[in-house]
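Protein chains: 2
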Amino acid sequence: MATIAVVGAGLIGASWTALLTWKGYDVAVYDPSPTASGRLDAVTAKAWSALRQIEGAPATPGARRLCATVAEAVDGADLVIEAGPEALEAKQALIAEIDAACAEEVPIASSTTAHKPSDLQKGARRNPARVIVAHPFNPPHLIPLVEIVPSPATAPDVTDRVRAFFDGIGKTTILVKREATGHIANRLAAALYREAVHLVAEGIASVEDVDKAVTAGPGLRWSVMGPHMLYHLGGGAGGYRGYLDHLGPAQERRWADLGAPSLTPEVKDALVDGVRAEADGRTLSELENERDAALIALLKARG
Amino acid sequence: MATIAVVGAGLIGASWTALLTWKGYDVAVYDPSPTASGRLDAVTAKAWSALRQIEGAPATPGARRLCATVAEAVDGADLVIEAGPEALEAKQALIAEIDAACAEEVPIASSTTAHKPSDLQKGARRNPARVIVAHPFNPPHLIPLVEIVPSPATAPDVTDRVRAFFDGIGKTTILVKREATGHIANRLAAALYREAVHLVAEGIASVEDVDKAVTAGPGLRWSVMGPHMLYHLGGGAGGYRGYLDHLGPAQERRWADLGAPSLTPEVKDALVDGVRAEADGRTLSELENERDAALIALLKARG
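Sequences listed follow chains U and Z, in order.
Numbered by UniProt numbering, the letters in the first sequence go through residues 1 to 303 in order.
Numbered by UniProt numbering, the letters in the second sequence go through residues 1 to 303 in order.
It is worth saying that the hints were derived from the structure and are not from the lab.
Wrong hints could be hidden among the right ones.
Stated by the list, open to error - Derived DSBU-like pairs: lysine-lysine, alpha-carbon spacing no greater than 30 Å straight-line:
(1) U:300 / Z:171
(2) U:171 / U:116
(3) U:46 / Z:300
(4) U:171 / U:122
(5) U:171 / U:23
(6) U:300 / U:23
(7) Z:116 / Z:177
(8) U:116 / U:268
(9) Z:23 / Z:116
(10) U:177 / U:116
(11) U:268 / U:23
(12) Z:46 / U:300
(13) Z:300 / Z:171
(14) Z:268 / U:116
(15) U:268 / Z:177
(16) U:300 / Z:300
(17) U:177 / Z:177
(18) U:171 / Z:171
(19) U:23 / U:46
(20) Z:116 / U:268
(21) Z:23 / Z:46
Please build the complete structure, drawing on both the sequences and the hints.
Okay, structure coming up:
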């Protein structure tokens with residue numbers, strides 16, 4: 001695969017474009033917005049600066065071409081990344097247009113967070129078997145994870161080629177074996193977040209202390225190893241079996257005690273007030289810069 | 001506070017001892033086990049090597065003294081850290097012994113994971129108001145988090161002094177405002193783990209891919225910022241309010257779809273088999289070294 005089409009140049013599409021040109025791919029972009037070109041420039045400048053800090057100089061960057069139509073962007077592409085608006089009908093319409101215009105064997109990888117590939121395939125009348133989800137984490141040029149989600153109707157060969165492509169550009173891919181709302185990582189994030197909301201809603205801890213509990217505690221370890229492996233190492237000489245036999249009952253007791261909050265107006269107020277206290281005067285843009293600088297330092301340390 | 005008593009020198013107590021001597025405190029340790037001295041030596045060597053990598057050379061290390069009785073260890077101490085066996089009756093008995101032997105104003109901070117301070121206070125007939133939980137994350141010499149959990153009967157002055165002590169040795173303390181099973185961080189970890197088990201139990205993803213989803217995705221960000229602040233930055237110009245108004249409903253839909261697994265024998269087998277595949281021949285000790293080296297690199301990068 002040498003030429004990639006990116007359809008939709010919002011934050012995700014623009015970040016993909018920046019990463020792919022950095023990695024030496026020629027990228028044909030379609031986005032109907034009059035501000036797409038400026039956004040691509042801005043996101044590319046920021047992303048390349050981050051990538052330079054992490055990886056050093058790029059080999060030979062690829063070329064970016066902003067196209068006037070979907071058909072022009074996908075013409076000659078070896079892979080199409082769909083990164084349009086998140087509404088299902090909009091995605092289906094876009095995929096229909098891509099499917100009609102581009103060569104029949106070319107995979108269409110959607111960046112969707114919310115939708116299942118089997119729903120997206122309804123847009124592709126010509127070759128639904130080439131539609132798959134390849135869901136990145138924001139921003140895709142920094143966060144390694146890409147969730148590969150085929151539907152039962154996705155051709156195995158498409159799954160293999162798309163996964164190999166993202167592996168090849170240095171992403172960490174995982175395979176979602178069965179479609180699920182939120183794929184995998186956002187389900188895990190939602191589970192953590194539900195309890196993070198519960199603890200504030202019930203007055204057990206402040207927003208700031210819940211956030212600190214994560215970053216100074218288990219979140220540190222989760223950037224190093226996942227929960228299963230960590231408990232394998234928490235079981236003494238007996239490993240994961242020992243952990244489950246001895247501490248599994250304590251986990252089940254904790255599970256039974258977890259909260260199930262609702263985002264009522266009162267809870268939302270408590271969350272917003274708590275984040276305001278935690279931000280302590282720092283603007284969104286200052287906080288974003290802190291987050292990105294810390295992520296870059298971390299990715300550099302991981303090598 | 002210049003002299004600290006550590007009662008119980010298992011992994012947690014030995015790690016506290018190593019950290020405190022590194023920080024220049026004299027530490028009086030009590031542990032009835034004949035292997036305590038060797039364990040203290042081994043844990044100290046490992047911990048000091050890690051701390052040297054993160055912080056450089058120590059100022060002037062404190063002295064360690066292994067005592068024959070609880071009374072000897074707590075005599076003259078400014079703070080007692082209770083790190084005995086986790087069973088409630090054992091902790092209550094130990095706290096009774098500490099409470100009877102040491103000066104009445106000295107705080108007793110328990111490292112308990114599972115128990116509430118109000119239950120531990122039942123062991124302290126003389127001065128229950130000085131009993132508090134100060135729960136570290138394993139290993140305490142590396143992980144910054146200490147959860148400070150007073151009961152309603154804990155003296156506010158004890159809470160303040162204990163929190164200031166742990167802040168002063170560079171830990172990140174949070175205040176648990178109301179006692180809860182698992183305090184805060186282990187509740188958050190249990191929430192994530194429940195879904196991590198569900199995804200494997202339902203065949204949605206392999207153990208290895210669930211772990212990768214965390215370390216290559218949200219886990220990376222959780223070592224940098226907590227979930228509340230991350231969503232504040234995920235709401236565009238509207239901040240957390242904008243996030244909750246626009247994406248709150250999607251979170252609530254995900255919450256409704258999260259799993260509630262049980263650790264049945266079949267699920268345990270799937271978890272153990274999955275971790276074996278993920279370990280791919282690496283021994284527990286090799287994996288532990290990988291975890292610790294990565295944690296040290298990360299803590300160094302955070303500065």
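For residue 171 (chain U) and residue 122 (chain U), compute the direct alpha-carbon distance and say whether it is at most 30 Å. holds, 28 Å
Pair hint outcome, residue 23 (chain U) versus residue 46 (chain U) [Cα-Cα no greater than 30 Å]: holds, 15 Å
Hinted pair residue 23 (chain Z) and residue 116 (chain Z), Cα distance within 30 Å: Holds, at about 28 Å.
For the pair supplied as a hint, residue 300 (chain U) and residue 23 (chain U), confirm whether the alpha-carbon distance does not exceed 30 Å. Distance ~17 Å between residue 300 (chain U) and residue 23 (chain U) Cα, so the pair holds.
Restraint check for residue 23 (chain Z) with residue 46 (chain Z), where alpha carbons must lie at most 30 Å apart: Holds, at about 15 Å.
Are residue 268 (chain U) and residue 23 (chain U) close enough, with their CA atoms no more than 30 Å apart? violated, 41 Å
Within 30 Å, alpha carbon to alpha carbon, are residue 116 (chain Z) and residue 268 (chain U)? holds, 29 Å
Are the Cα positions of residue 177 (chain U) and residue 116 (chain U) separated by 30 Å at most? holds, 12 Å
Within a Cα-Cα threshold of 30 Å, do residue 268 (chain U) and residue 177 (chain Z) meet the stated pairing? holds, 19 Å
Is the hinted pair residue 171 (chain U) and residue 23 (chain U) satisfied, with a Cα-Cα distance of at most 30 Å? holds, 12 Å
Straight-line alpha-carbon gap residue 46 (chain U) to residue 300 (chain Z), limit 30 Å: holds, 25 Å
Do the alpha carbons of residue 300 (chain U) and residue 171 (chain Z) lie within 30 Å of each other, as the hint requires? Holds - the C-alpha atoms of residue 171 (chain Z) and residue 300 (chain U) are around 25 Å apart, at most 30 Å.
When the structure is compared with the earlier hints, violations turn up for hints 11, 17 and 18 and for no others.
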